[in-house]
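Q: Residues per chain, in single letters:
Protein chains: 2
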Amino acid sequence: MVSKHQVLNMLAHIEDPELHRSLTDLNMVRDVQIGDGVVDITLALTVPNCPLKDQIEADVRKIVGAMLGVSQVNVTLTAMTDEERKAIFGEPTEGTATQYNKVDRVVAVMSGKGGVGKSLVTALLATALARQGLRVGVLDADITGPSIPKLFGLRPPVRSGPMGLWPLQSQTGIKVMSFNLLLEYDDQPVIWRGPLIGRAITQLWGDVFWDELDYLLVDLPPGTADAALTTLQSLPVNGIVMVTTPQSLASMIVRKAVHMAQMVNVPIIGVVENMAYFVCPDTGKRHEIFGPSHCHEVVLTAGAPLLAQLPIDPTVAALCDEGQVEAVELPEVPEMVKAFVQAVPVKKRE
Amino acid sequence: MVSKHQVLNMLAHIEDPELHRSLTDLNMVRDVQIGDGVVDITLALTVPNCPLKDQIEADVRKIVGAMLGVSQVNVTLTAMTDEERKAIFGEPTEGTATQYNKVDRVVAVMSGKGGVGKSLVTALLATALARQGLRVGVLDADITGPSIPKLFGLRPPVRSGPMGLWPLQSQTGIKVMSFNLLLEYDDQPVIWRGPLIGRAITQLWGDVFWDELDYLLVDLPPGTADAALTTLQSLPVNGIVMVTTPQSLASMIVRKAVHMAQMVNVPIIGVVENMAYFVCPDTGKRHEIFGPSHCHEVVLTAGAPLLAQLPIDPTVAALCDEGQVEAVELPEVPEMVKAFVQAVPVKKRE
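For the protein sequence lines, the chains are A and B, in the order given. Quick note on my numbering: the first sequence kicks off at 222 and runs consecutively. Quick note on my numbering: the second sequence kicks off at 222 and runs consecutively.
Hints are not guaranteed to be accurate.
Same chains, same label: a pair holds when it works inside one copy or across any pair of copies.
Said to hold, decoys possible - Within a straight-line C-alpha distance of at most 25 Å, the following computed SDA-like cross-link-like pairs (lysine to any residue) qualify:
| # | residue 1 | residue 2 |
| --- | --- | --- |
| 1 | Lys506 | Thr536 |
| 2 | Lys283 | Thr245 |
| 3 | Lys274 | Thr263 |
| 4 | Lys307 | Val291 |
| 5 | Lys307 | Asn459 |
| 6 | Lys506 | Asp534 |
| 7 | Lys323 | Val562 |
| 8 | Lys283 | His234 |
| 9 | Lys283 | Ala560 |
| 10 | Lys274 | Gln409 |
| 11 | Lys506 | Leu540 |
| 12 | Lys506 | Pro532 |
| 13 | Lys506 | Ala539 |
| 14 | Lys283 | Ala564 |
| 15 | Lys559 | Gln530 |
| 16 | Lys274 | Arg306 |
If you are wondering where the hints come from, they were derived from the structure by calculation, not from laboratory data. All values reported here derive from a predicted model rather than from experimental measurement.
Just chain A, with the same shape it has in the complex:
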């Protein structure tokens, strides 16, 4: 018959899949009762709704159940008290996750102007990078007008572990975090003055367990105020993709963002013109429905190459509304991503 000592010895070989430390090391084992080949194990999870609790339970059942003399394994899950958690992890501090995160390149997608398609460009870049097998995250820094969750079809809840908030995973494995995922209703307004907006962004950076990423794309809101300032000054941004639309009016406002980037010394790696034209499905003719392009003004001011001119495509709009941005196929995207990766190459993986 199996002994309690043998069971504990086995539990010492089962790791918490998030923390990569054994269940005994994490002081999670609360009780082990053995009788007639039936083993009852009580484990205290580090957080009540540990996202990996099912996996932990399955690992325990499988490994203990494989022991000689064990016919049945019952697992009861409880949660640690705050004191127990502190004893293991210390006081949780703001930005706890940062020490565990390894983000290779951070690129902000910016415009200054609203409604030009920053979120679409962010999502298209993320999707294309993920298709290449790269590990990609998207941080939605638009706190009051977030588009990212809807584009990727993601909904709350967001779960958290001892390392911080867990980003949601998109259908193709992109890690996504947005303040909108932390709200009860998606159309709930965030009526905050600027300093809180800035703080929310640093939290989405420092309190989210991004783990290892090749690229983290930060989708900025319009304007050159708090959100842009905090992102460009507090996050280790390696470069900026500047998004514009054909109108001269948009170009003027985007050039404000270009000047801001230059003032805070963050390089602009390229310009993307969105909504450049519409191809009439009946005639195949291109219509410059927002007028002739003024993106050369942005390119000149930015001193950065034009990465792409993207059309207006009702199919794209429909896929975005359905949360299927990862299914978008635009012939302009591969070239855009190629230039992007050349401008901010990831380091060689170890």
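For this one, chain A is given, so just place chain B on it according to the hints.
A: Relative to the frame of chain A, chain B by itself:
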């Protein structure tokens, strides 16, 4: 021969066209010299670049020149010192203009979402109201991404008088003030944290000499942060026009703005859907290039009527880029303005 006393007596009947007080009352007359029918008058302007200095000079020439025995009038203009100005007007205080302004109705044009055409809707409403002979002002509350000056083709400088900053006048007489008109270059970024943004908006309200207006339209930036909060809480806003676009994504973010308006108890007077469709010039066929409309979601949440569905029209984009928004003719506008005026009617003029 005319005497100095007679000339001074005559100057006591000439009013400063802005302040409606006589030149002698304002202590503007610095010197009067008379010799051989030639009258030399030196006037100290209340501010160095008084926008009405030409008119003052012309009035003086005309009226003094009409006196018997006067063959020539020479006018020399200087400016008051700060001390002289203070002796007449007292210390200038923040919001000096408010006590002189009589604004009947203040309506904010809002969206939450960027790039939906808030500024276009603002300009179209202003133009249509001005065409009806109403006195209209436009306050551009988008400090970091201002579109209004370019739409109306307005450029700096903004001049100021003792009552405050003078709004610029558009081609059809709309009074316009935007923070962008106070910048040296139009693509200069305003890299400010939120509290300064809020303060800039209260200044555009309180430090601008709007004089008498039937309607002041406030063009809000995207988001539900500082600019929207300050405008809806610090300005006497009578109602909101909510602007949306067909996409479901836009609708979600616009509903955030609707909820914000409801929280701060400002009535939404109507919803305008912009970029609803594009009519192909070759086939005359309507294309819903941003997908089918979701504006009913906004209308339902807002509990306010749909004022208009505006198309995407390259002619409109071109006129906007040329600063000719007042020349835009859209068949949807008259109905929109009719409903607008019914929702927020001006008081009967005295």
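Q: All hints are to be evaluated individually against the structure, with a verdict given for each.
A: Do the hints match the structure? See the list:
Both within a single protomer and between protomers do lysine 506 and threonine 536 lie at most 25 Å apart by alpha-carbon distance, with minima of 17 Å and 18 Å respectively. In this homomeric assembly, lysine 283 and threonine 245 come within 25 Å of each other (Cα to Cα) only inside a single copy, at 17 Å, whereas the closest approach across copies is 100 Å. For the homomeric pair lysine 274 and threonine 263, the shortest alpha-carbon distance inside one copy (13 Å) is at most 25 Å, but the shortest distance between copies (88 Å) is not. Proximity of lysine 307 and valine 291 under a CA criterion of 25 Å is satisfied in neither setting, with 34 Å inside one chain copy and 95 Å between copies.
Taking the closest pair of Cα atoms, lysine 307 and asparagine 459 never come within 25 Å of each other, the shortest separation being 35 Å inside a single copy and 52 Å across copies. For a Cα distance limit of 25 Å, the shortest separation of lysine 506 from aspartate 534 qualifies both inside one copy, at 13 Å, and across copies, at 16 Å. Only within a single protomer do lysine 323 and valine 562 lie at most 25 Å apart by alpha-carbon distance; the minimum there is 18 Å, versus 57 Å between protomers. Taking the closest pair of Cα atoms, lysine 283 and histidine 234 come within 25 Å of each other only inside a single copy of the chain (12 Å); across copies the shortest separation is 102 Å, beyond that limit.
When the C-alpha separation of lysine 283 and alanine 560 is checked against a cutoff of 25 Å, the pair qualifies neither within a copy, at 47 Å, nor between copies, at 69 Å. Taking identical chains as interchangeable, the C-alpha atoms of lysine 274 and glutamine 409 are never at most 25 Å apart, the minima being 30 Å within one chain and 53 Å between chains. Taking identical chains as interchangeable, the C-alpha atoms of lysine 506 and leucine 540 lie at most 25 Å apart whether they share a chain (23 Å) or sit on different chains (23 Å). In this assembly of identical chains, lysine 506 and proline 532 lie within 25 Å of each other by CA distance both inside one copy and across copies; the values are 12 Å within and 19 Å between.
Taking identical chains as interchangeable, the C-alpha atoms of lysine 506 and alanine 539 lie at most 25 Å apart whether they share a chain (21 Å) or sit on different chains (19 Å). In this assembly of identical chains, lysine 283 and alanine 564 lie within 25 Å of each other by CA distance neither inside one copy nor across copies; the values are 47 Å within and 69 Å between. Taking CA atoms no more than 25 Å apart as the test, lysine 559 paired with glutamine 530 passes inside one copy only; the shortest distance there is 14 Å, against 40 Å between copies. When the C-alpha separation of lysine 274 and arginine 306 is checked against a cutoff of 25 Å, the pair qualifies only within one copy, where the shortest distance is 16 Å, while the shortest distance between copies is 75 Å.
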